[in-house]
Each structure stands twice: as C-alpha cells, then as structure tokens.
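Participant: Protein chains in written order, with my numbering: chain A, 6 to 178; chain B, 36 to 363.
Honestly, the hints are just simulated from the structure, not real lab data. A virtual CB, placed ideally from N, CA and C, is assigned to each residue, including glycine. Misleading hints may appear alongside valid ones.
Unchecked claim - Here are the computed distance ranges between Cβ atoms for each label pair: (1) E19(A) with E293(B): 21 to 31 angstroms; (2) R287(B) with R145(A): 56 to 66 angstroms; (3) P165(B) with S68(A): 34 to 44 angstroms; (4) G76(A) with S101(B): 43 to 53 angstroms; (5) P49(B) with S68(A): 23 to 33 angstroms; (6) E19(A) with A80(B): 45 to 55 angstroms; (7) V56(A) with D254(B): 54 to 64 angstroms; (8) S101(B) with R145(A): 37 to 47 angstroms; (9) R108(B) with E19(A): 45 to 55 angstroms; (10) A172(A) with E293(B): 51 to 61 angstroms; (11) S75(A) with D320(B): 44 to 54 angstroms.
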Amino acid sequence: MTASDSASSSPTLEALYGDHHGWLRGWLRRKLGNAFDAADLAHDTYLRLLVSGSRPRPEQSRSFLTQIASGLLVDLYRRRRVEAAYLEALAHLPEAQAPSPEARALVIETLCQIDAILDSLPPKARQAFLLCKLEGLGYREIAARLRVSVSSVEKYIAHALRACCLALADPGA
Amino acid sequence: MTAMDATAAAPLDPAIAQRAAEWMARLWSGEASAQERAACEAWRAAHPAHERAWRRLQAMDDRLDSVPRQAARGALRVPVAAARRRTVQALGLAALAGAAGYAVHDSGAWQMAGAGHATRTGEVREIVLPDGTRVVLDTASAIDLRFDPDERRIVLRAGRILVTSGHGPLAAGRPLRVQTAQGTVQAVGTRFSVRQAEGRTDVAVFEGAVDIRPAQAPDAGLRLAPNRQARFTAEQVQPAAEVDDSAAGWTRGLLVAERMRVADLVAAIGRYRAGLTRYDPAVADLQVTGVFSLRDTDRALLNLSLALPVDVVYRTRYWVTVQARGRH
C-alpha cells in the first residue's frame with residue numbers, strides 16, 4: 006500500500022489505536038469519573054471494532070469511536086441500574102432465600118438483555134409487554150390504559166416478542 | 036443429531052420470528068380458540084425452524100418468570116429516556132415506599148443514566164469543570180453540565196454537590212448557576228453545597244455568597260451569606276441558619292454528628308450503602324455525638340452501637356436495621 010492509498014482510505018486498527026486510544030480513554034474517564042472503568046470500556050470499544058470489521062473514514066475516526074463507546078456506556082449504566090433494582094428487591098427476602106451468585110448473575114443478564122431489547126421498541130410496545138408480563142394485565146385492561154384498541158395491544162405484544170425472538174440466543178446455546 | 040442442531044447456528048428468518056411472535060401474542064391474549072391452538076401446534080411441527088423460534092420465546096418467558104417480580108419491575112419499568120426526566124419524582128417515591136416509622140433509602144443507581152457525571156452509592160468524587168470550577172459529587176449523585184456563552188449551568192439531578200467556583204478565562208462574564216427541581220442557586224465568588232432532597236433543595240455556603248431563586252417565585256429570592264444554610268421549595272425560601280465547616284465533612288468521607296438524632300444519622304449513613312438501612316422508631320430520637328466514617332459504613336454502624344444502647348441487625352448484606360438493644 007502506498008502513502009497516498011493509506012491517506013485516502015480507512016485507517017487500520019493499529020492506526021486507530023495508536024492515534025486515538027489515549028484520547029478515547031480520557032473521554033471515557035470524564036464521562037465515568039474513574040480510570041478503571043474507562044480503560045475497560047476503551048478496550049471493549051476496540052474489541053467491538055475488531056469483531057465488526059467496519060472502519061471509519063479517517064476524518065471521522067473520533068466520532069466513530071465515541072459512537073461505539075457511547076453504546077457501551079449505555080450498556081454499563083443499564084447494568085448498574087438493573088443491578089441496583091435487583092439488590093433492592095433481594096433486600097426484602099429472608100436470608101435463607103437469597104439466590105446463589107450464579108443465579109444472580111443469570112437474572113441480571115436476563116434483565117439487561119430484555120431491557121435493551123425493549124428500549125429499541127416504540128414506547129407503547131414496551132409498555133404493553135411490561136403491563137402484560139409484569140403486572141399481569143389482560144389485553145383489554147392494557148388497551149384501556151394505553152388508549153388503543155385490543156387488537157393493537159396484540160400487535161404491540163407481537164412486536165415485542167418478535168424483537169426478543171430475533172435478539173436472544175437459542176436456549177442451551 | 037437432529038435437524039434442529041444443524042440449523043442452530045444459522046440466523047433466524049425474521050418472517051419466522053414474526054409468525055412465532057404472532058402465535059404467542061395470540062395465546063397470551065387468553066382468547067385463542069381450540070382451533071387456533073391446534074393451528075399453532077401444527078405450525079410449530081411444520082418445520083424445525085418454527086419450533087426453534089418458538090423455543091426461544093418460551094425460554095425468554097421462563098427466564099423472565101423466574102426473576103423476582105419486584106426486581107423485574109424495578110429494573111424494567113421505566114424506559115431509560117423517561118428515567119432521566121423522572122429522577123426527582125422517583126427519589127420521592129422511594130421514600131413513600133417505606134413502612135410506617137421506618138426510613139427507607141433507595142440505593143438507586145439507575146437514575147444516573149444520561150447524566151453528565153454521576154457517582155455510585157458510597158462513592159464520593161471530585162471533578163474539575165472546563166472553567167476551573169471544582170465539583171465534589173456526594174454518594175449517588177448526578178449532574179448535567181450546560182455551559183454556553185451566557186452562563187455556566189450545573190443541573191443537579193440527584194444527590195448533593197460541593198461547588199468551589201472557578202475563575203478561569205471561561206468564567207469571565209458568565210454566572211455560575213446550580214439548577215435543582217426547585218429553582219436556581221447562583222454563585223457569588225464562592226464555595227457552597229447544594230443538595231437535592233425530596234421536594235426541596237438544601238444550600239450551605241462556606242465562602243462568598245449565593246443568590247437563591249425559587250422557580251415559582253423569583254422575587255422571593257434570598258442572598259445567603261457565608262456560614263449560613265437555607266432550604267427552599269419552588270415557592271419559598273426558609274429562613275437561614277448557621278452552618279459550620281463540618282457540614283462539608285462528607286467531602287472527606289466523614290460525617291460529623293453534633294447531638295444528631297439516630298433517625299437522621301441512619302438516614303445519612305444509608306445514603307452511602309446499597310440496599311436498605313432502617314431504624315426502629317423506638318431509637319429514632321436518641322442523640323449521638325461523634326465522627327463517623329462514610330467510606331466504611333459497616334464500621335460507622337458498629338461505632339453507633341458502641342456509643343448508644345442499640346444493636347445493628349443485618350438481615351442480609353443489603354438490609355440493615357438499627358434497633359433498641361436486646362429487642363430481637
């Protein structure tokens with residue numbers, strides 16, 4: 006590859022790392038306030054790049070990196086929020102019923118996945134799904150709450166289930 | 036090996052996922068006819084990919100059902116985008132959830148999503164803003180920054196901050212304001228703290244002065260002098276009282292208690308712990324004087340039990356109750 010080639014085409018992963026890793030870590034540290042999480046997320050950002058195989062145009066390198074890193078930040082905040090809610094609920098259980106660390110990890114993983122999927126849906130699909138699954142409401146009650154028809158509720162639920170079906174792994178996989 | 040295993044690695048056809056979702060939504064309605072149920076069974080049996088899509092949904096349903104309902108509600112109820120706007124109300128709700136006579140503190144890490152800077156429960160951290168202003172975030176606090184040519188605005192979403200205003204080039208001609216749900220606090224060359232409490236804002240000034248402006252009553256504002264503290268709602272400012280430097284002890288990980296009620300002390304310590312920190316109403320009005328660690332809250336609670344006739348009972352790591360000695 007000639008010098009002019011590399012100037013006009015996408016930068017290599019090595020170049021992206023060498024030129025921007027320090028800057029990205031600084032950006033994340035300002036968002037997160039601690040160097041350890043920032044280093045982890047910067048690492049994960051490059052890992053994401055490596056796995057996806059996509060590369061930005063040279064002048065868009067930093068906005069490309071921050072876009073990936075922002076997604077990871079959202080995931081991190083989501084995990085913290087889910088963990089906090091779960092621990093809060095655990096506090097109400099007698100100690101003998103406290104789940105094992107493995108069981109906890111599985112629950113938190115499940116909730117994070119479903120939360121991420123539901124976040125990608127229109128608000129009414131999300132609400133319909135949660136009212137059905139968590140509040141145990143029938144479609145008629147959900148329809149009344151959301152001010153939509155009963156057949157719309159069924160469509161919203163199907164929409165949410167479709168997203169789950171496509172995003173989740175096969176059981177046992 | 037079955038045909039299902041052979042297809043397991045392949046991506047699922049979106050059309051099949053759509054059909055499986057429609058069938059399950061139909062069954063969940065509780066109004067599927069016997070014919071429809073049979074048709075669903077037939078569809079599943081018609082192709083391994085159909086059954087595979089169905090099993091994914093069943094597995095998701097089973098896993099969600101196995102999560103304690105309370106945890107799932109807390110984790111999933113509020114969409115992220117809405118959670119940002121509802122921070123203040125949610126903090127209020129956490130207090131309402133308490134049983135009679137008990138103080139309950141939400142460990143709430145979730146309300147931090149989307150804030151410019153945030154701390155976790157138990158974490159205290161200092162940040163330096165572009166203009167040189169120093170902000171110490173107390174436990175479970177979150178701020179957004181809105182700096183523009185006219186002003187430097189810090190939006191306090193939750194918790195408490197200590198602000199030491201900067202005088203860098205970016206500060207010139209741009210007032211520094213802290214905004215809470217109840218109004219704004221404008222710095223006049225100063226060091227001050229602002230706390231977002233339930234339905235009110237607490238302000239303490241250590242150096243310089245601040246101007247308090249309630250959101251609904253800008254004319255009812257007040258200039259707060261050094262070593263004075265005040266609290267305000269959106270409508271009014273309560274008269275100022277004295278404050279000493281120990282009120283900023285939290286920035287050094289310390290809680291300085293001077294004849295402090297157990298109820299207030301436990302509430303203050305609880306803000307630095309994940310889970311619930313409660314007290315028995317019978318000990319609420321006991322008074323204690325001392326310096327307690329906020330970095331090691333287990334030790335702080337132990338020290339409380341050494342200073343007063345109270346026991347600290349751990350139901351779980353995340354549920355602690357301070358009660359009268361020998362009452363359990």
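Participant: None of the hints should be skipped; say for each whether it holds.
Facilitator: Okay, the hints, checked on the actual structure:
1. E19(A) with E293(B): 21 to 31 angstroms: For E19(A) and E293(B) the Cβ distance comes to about 60 angstroms; the hint is violated.
2. R287(B) with R145(A): 56 to 66 angstroms: holds (58 angstroms)
3. P165(B) with S68(A): 34 to 44 angstroms: Hint violated: Cβ distance 20 angstroms, outside 34 to 44 angstroms.
4. G76(A) with S101(B): 43 to 53 angstroms: Because 28 angstroms falls outside the window, the suggested range is violated.
5. P49(B) with S68(A): 23 to 33 angstroms: holds (30 angstroms)
6. E19(A) with A80(B): 45 to 55 angstroms: holds (52 angstroms)
7. V56(A) with D254(B): 54 to 64 angstroms: Holds, at about 59 angstroms.
8. S101(B) with R145(A): 37 to 47 angstroms: violated (27 angstroms)
9. R108(B) with E19(A): 45 to 55 angstroms: The hinted range 45 to 55 angstroms holds for R108(B) and E19(A), with Cβ atoms some 47 angstroms apart.
10. A172(A) with E293(B): 51 to 61 angstroms: holds (55 angstroms)
11. S75(A) with D320(B): 44 to 54 angstroms: holds (49 angstroms)
Consistency with the previously given hints fails for numbers 1, 3, 4 and 8, ordered from lowest to highest.
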